[in-house]
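Enquirer: Okay, here's what each chain looks like letter by letter:
2 protein chains.
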Amino acid sequence: MDYRKLSMDQLEKMKADLVREHENYKAQGLKLNMARGKPAPDQLKLSEGMLTYDFGGDFSASDGTDCRNYGVLDGIPEAKELLRPMLGVAMDEIIVGGNSSLQLMYDTIMTALHFGVPGGRKPWGKYDKVKFLCPAPGYDRHFAICQSLGIEMITVPYNSDGPDMDMVEKLVSEDEEIKGIWCVPMYSNPTGITYSDKVVKRFAALKPKADDFRIYWDNAYCIHHLTDDHDVLLNILDECKKNGNENMVLMFASTSKVSFPGAGIACIGASKENIDFIKSKMTYQTIGFDKLNQLRHVRFFKNFDGMVKHMELHRALIAPKFDIVINTLNKEIGPHAIGGWHTPKGGYFVSFTGFDGTAKRIVQLCKEAGVVLTGAGATYPYGNDPYDNNIRIAPTFPTTDELQKAMDIFCNSVQLATIEKLLAI
Amino acid sequence: MDYRKLSMDQLEKMKADLVREHENYKAQGLKLNMARGKPAPDQLKLSEGMLTYDFGGDFSASDGTDCRNYGVLDGIPEAKELLRPMLGVAMDEIIVGGNSSLQLMYDTIMTALHFGVPGGRKPWGKYDKVKFLCPAPGYDRHFAICQSLGIEMITVPYNSDGPDMDMVEKLVSEDEEIKGIWCVPMYSNPTGITYSDKVVKRFAALKPKADDFRIYWDNAYCIHHLTDDHDVLLNILDECKKNGNENMVLMFASTSKVSFPGAGIACIGASKENIDFIKSKMTYQTIGFDKLNQLRHVRFFKNFDGMVKHMELHRALIAPKFDIVINTLNKEIGPHAIGGWHTPKGGYFVSFTGFDGTAKRIVQLCKEAGVVLTGAGATYPYGNDPYDNNIRIAPTFPTTDELQKAMDIFCNSVQLATIEKLLAI
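Chains U and D, in that order, are what the protein sequence lines are.
Numbered per this note's numbering, the first sequence spans residues 1284 to 1708.
Numbered per this note's numbering, the second sequence spans residues 1284 to 1708.
Treat the hints as calculated values from the structure; they're not laboratory data.
In this text, a Cβ means the ideal position worked out from N, Cα and C, and glycines have one as well.
Check the hints yourself; a few may be wrong.
Said to hold, decoys possible - Stretch by stretch, here's where chain U covers chain D in the computed footprint (C-beta under 8 Å, at least three residues):
(1) 1345 to 1352
(2) 1387 to 1399
(3) 1555 to 1569
Please model the entire structure based on the sequences and the hints provided.
Expert: Printed below as a string of structure tokens:
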């Protein structure tokens, strides 16, 4: 039944049942954490062979580099070869870095603030203001970088196939202080959608007023499929090249959710000019990244196909968890018409949109019942969800049993919060 | 014989012999690289067990953290425990980072430029100029960071027990734009000297005009002894605390030359207030560093004593190489009174000081004969050795046979360049 069609009496009666159920959950003293998109231990076990890999005394990269010693700023050749298909770039369009793509993003922004970027007239930091467009709901750590660096964030809403491009085109063409936009173009965190070809082409054809505008294309989930008929993302660098815009995009990826979070390898893909510029600054920051970990990844996965096959093992473990989330939402929320969600074909999240003004309350109710969710609002710039209706569900870390319990609690909390809201109107 | 007491004829005759010898070396087509302080392959082999270490399925840190997954910004507890004796700090006075102490230094400077430091009134970058004192000869990568970031460098000469502290005290007390000083306090790169207690105490008692002045204390060679009667460095943080100056120093170390260059673990040691501040900014830059590599180091070395014992294995391999350098200099240069050097009790370098105006020529002659040295001038800010007399010798990487050959060539080159200089006066 659609909650909005119920009488006050009916709602009050339902509320009493839901409160009883909520108290019941509370009494069970559960402790489940679904706050972050973390792989589960059984997923981590898939890559354990990498940690016990026997190098057999051979620590040489394909170019003869001794990976145990100093040298090589931008990654050993076979690590570039391994990762470049993730971003669809050539060997001179990639840097393989350390364990964190976030760090590569942060550092390129710091570099832009201090030095500027190729094609720009001065460092970003020399403008009165620096602004970033932030399609939201989005990734909280992207927004946190902007907030920490004093970069003003402008929220851009999502359509079903990507950010609202009318708004993006208008804003970047008018405002020289807009220097960047955050994108998770594939299985977006948290919406789960993949940008359509049309959206990618419109991004590639942008005519920013700022000559130093950059698209931060965080392709974190590029091979993280959950279905056979998975999404396919258009190569934005290729499209940018067609528009003479090849310096406009910086792409990022990592093996954090392929091998190990925190002990994977990360990369930047971009035009050769951008890559050369980044290297020219990076060379003062470090002598080089961990080449042994790069070599370990190459020896374990062998090549890109090996990595894609490895992702099928991940899928076998986590697709059933996404099914639990979607099935429970379909069963407990669907009939009442009190929330919406997209069924993602990949990635790490399900984004739930409830009635306006319920998200904080749902997260609070879940917490009372022992389920920690990503904080309400975290998916918006400044942690401020203007509608207070979005919640990110991260299904991968709990066991299936825990997850089913957590989703039961989540749905009970959504129902209760929604009825509270309806009764208060 | 002292070259300066020889007649022109004698010099010309010697020159002819040296040129013949030089041509002889050239004809041998040697290729030896002594440019950087790199461990030799037999040193790297000492830590090979770390790479084939069998975790036995146990990837948990002492606090229960799964080192394969996300989490922990500032290092796992046992990694802090392992490294903190290197710097003599408490558990809340250390961050264990990634593979590069240089990156930690660079990033703390970037942070200071952008945000300032505890106790400062505004970001360094908001001053008209930022200046660093640079004791020289020093480490070229320190100076390169300043140059790349537009930080003006002021050269400070060395005495036998550390930088000229009269000059340091005078400059920092007068000029608010002086925000930092680079120090390699133990077995200094390249001079090999260790700062005396008196020098450390004078550092700790500095009264800078700038309220946001920082000592960059790069203790890269803190356990890298070459002799039983090794140097001992006073703990500067303890001394700073006595003076109420505990926020004035940032200390750095790494296992780059203990385990693997580029695949070791690095750390920052500082007052709790500095550490908390650095973490408060670092948390936007990365989720965390490679905890598996931290765990690998702990499991392999077990504890600080294990690391110290491991350094004795390094010493056994490289001390004979330092002997070759010193013995050859004693034999070939000493009698002629055409150069000076310090016999280091640790570290990675021997610093050679020749006649003024000969360093570039010596490096060139060596190169012609197949021996690549660190570029002349590299040990000075802006690559500019005002006397053109300092050359850094890095003996560790070549085999002992190669090194003996290289030192023969080096000494021949010194003799030849010096005679050329004397003949030209």
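Enquirer: Sort out which numbered hints this structure fails and list those numbers smallest first.
Expert: none
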